[in-house]
Amino acid sequence: MRTYIAKRLLIAGITLLGMSLLLFVLMRMAPGNITDIIFESAGYVDEADRRKLEAELGIDRPLIVQYGRWLGDFVRGELGKSYRYDLPAWEVIKPRLPITLELAVLALGFSVLLGVPFGVISAVRRGHPIDYVLRVVSLAGLSMPSFWLAMIVILLLVRSIGWIPSMTYVSPFDDLRANLAQFLLPALAVGYRSSALIMRITRSTMLEVLREDYIRTAWAKGQRGTQVVWRHALKNASLPVVTLIGIEFAFLIGGLIVTETVFNLPGVARYLVDAIQFRDYPIVQNLAMLIAIVVVFANLTVDLLYTWLDPRIKYGA
Amino acid sequence: MATIPSVDLALPDALPRAPSRAEAFWRFVRKNPLGAIGGLLVLVLLVAALFADAIATHNPVRTSSQVLAAPGADFWLGSDNLGRDLYSRVVHGARISLVVGLASTLLGAVVGGLVGLLSGYVGGKTDLIAQRVMDVMQALPILVLALVLAAALGPSLTNTVIAISVVIAPRAARVVRASVLAIREFVYVESARALGVSHARVAFRHILPNTFGPFIVLVTAQLGGAILAEAALSFLGLGVPEPYPSWGRMLSIAAAEYAQKAPWLVIYPGLAISLAVFGTNLLGDALRDTLDPRLRGS
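Residue numbers (this note's numbering), protein chains in the order written: chain A, 5 to 321; chain Z, 116 to 413.
Bound conformation, chain A alone:
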C-alpha cells in the first residue's frame, strides 16, 4: 500500500510538472507579452521604458530561466502580481475561494441528492415509463448549457415573482438566508448537469448488482424491497459512483466558470475568465495550475478511498 501511494504521488508530480510546462508554453504563445498589454492602455510606447519594465518583470531572461523562476515562486506560494488589480494575486484570489467552494459543495450535494436516488429508481423500474422519464430528464440535463439553464431560471423568476438576482455577494456569516437565496439557483443549475452523469452511472451499476446471487438470496429470504435495494444493492453499487463524484469535481469547475459569470458571483472560476479576457497572463497561469492540482489530488483521493470502501481491492500488495 505504501509503495502504491508513493507511486501514485510520483505520477501526480510528473503530471503536474507536465501541466506547468504546458501552461508556460501556452501562455508564451499568446499574442503580445505583458508589457504590450500594460502599455497598450497608455497609448504610446517608449522603448526604453518598455525595456526597463521587461527587465523588472524578468521576461527579458531566457525562457528556461523564466520557467524555473515561475515554478520556484509557485512552489513557495508566491502567485505573482495581478496586473489588472495591481495587487498580489493571492490577495485577489483569497476572498474568492470561499465563494467558489460554497458553490461547488452545494452543487455537488445537489447532484448526489438528485442523481443517486433517480439512478436507483430508474434501475429498479427498468423499462417502465418512469425509467424512460428519468433517463430523458437526465439526458436533458447533460444537453443543456448550464449557463442557459441559469438564464432561463432567472428569467422565469423575474417574470413570475419579480425576483432579481442580487448584484453584490452576501457572506453566509452576515446573512445566511440571503446567501442561500443567492447560491441555491446557481448550485442547482450546475448540480443538475452533474446529477445526470451520476444518475447514469448509478443506474448501470445498480442494474449489474441487482442481478447478483446475494440479492436474489435477500429477496428469497423475504427481506423488504427497500431494504434489499437501498442497503444491500446500493452499498455495492456505490463504488463507481464514488469515482464519478471525484471526476465530477473537475467537471464542476468547468460548469462554475460560466455559472459564476451568469449569476454575477465573484468566485475564482469567474476570475479566471476575467483574467483571460484582460490578458492577465500570470494569473491565468497560476489559477489554471491551482485547478490542475485540485483535480489531480481529487482523483488521487478517490482512488485511495477505494481501498477503504471496498476491502477486496488491494493496491500494490
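Calculated from the structure, these hints are not laboratory results. Be aware that one or more of the hints could be misleading.
Some chain A residues judged to face chain Z by a derived CB distance under 10 Å, without partners named [claimed, not checked]:
{"id": "1", "residue": "Arg32"}
{"id": "2", "residue": "Arg80"}
{"id": "3", "residue": "Ala273"}
{"id": "4", "residue": "Val277"}
These numbers were taken from a predicted model, which means no experiment stands behind them. Beta carbons are placed, not taken as given, at the ideal position from N, Cα and C, and that holds for glycine.
Dock chain Z against chain A, hints included.
For chain Z alone, kept in the frame of chain A given last:
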C-alpha cells in the same frame, strides 16, 4: 466395407433472407424509440446546416431598424438588438455548431486514435510517455483547458476547433488504446505477424478496423460535448467571433442585457443548443447500444 448410412439433415429450404435496409432501419426505430428521436433531431440539425441559405428568411448578419421586434409574421422568432432576424441567425447557427462540433470531434478523435493505436501496439516506453502526456491533458477540466488554449491562440473559428479537439484527443486515445491492447493478443494478429506482415500493416489493416465500434461510439458521445464547449467558449467571448452567428455568442452580448424586454433572445438560441446536443446524445446512446452490446442499457 461398411456403408455410411445417409442422414436426413434438417436443412431449411432457403436461407433466411438478410433483412433489407428499410427493415433494419425500422427494427432500429422500434427497438430504440429514443434513438430515433435523436436521429430525427440530428437530421433537422444537418438539414438546417446544409440548406441554411434556403431555409433562412433573412440575411443573418444584415441589421435593420426594427430592433427587438417580437416574434411575428415578419420575424418568426423576433429580432435582436441590431434588428437582425433571430430565426435566420438560429438556422445559420446550426452551421457553425455542426462545423465546429464535427471538425473538432473528428480532428481530436483521429489524432487521439492514432496516438492510442501507436501506444497500445508498440507498448513499452512509447506507451508510458503517451500515457503521461494524456494524464497531463486530462488534469484540467475541459472548459478550463479549452479556455486557456483559446486565450493563447486567440479567438477564431479554426482556433476554437483546435482548442476543443485537444480536449477530445486524450479520450479517443484512451478508448482506442484499450481496445488495441485486447485485440493485439488475438491469435490472428500473431499469425499475420508469423506470415511476415509488416508491423504497420498489422496495426492499420488488422487491428485498427476492429477498434471502429468503440471509436464511433466515442465520436457521437463527444459531438454533443464539443457543441456545448463551442457554445460556452463563444458565450465567454473566446470562441467563434463575430460576424458568425454562433448560438453561444448570441446568448452572451445582447441576450443578458435585453432578457427582460426580449426574452426570445435568450430562449431560442439556447433551445437550439439544447436540442442539438440532446439529439446527438440520444443517437449516441442508441448507437452505443447497437454497436457495443456490452454496455447495453447502461
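Indices of hints not satisfied (ascending): 2
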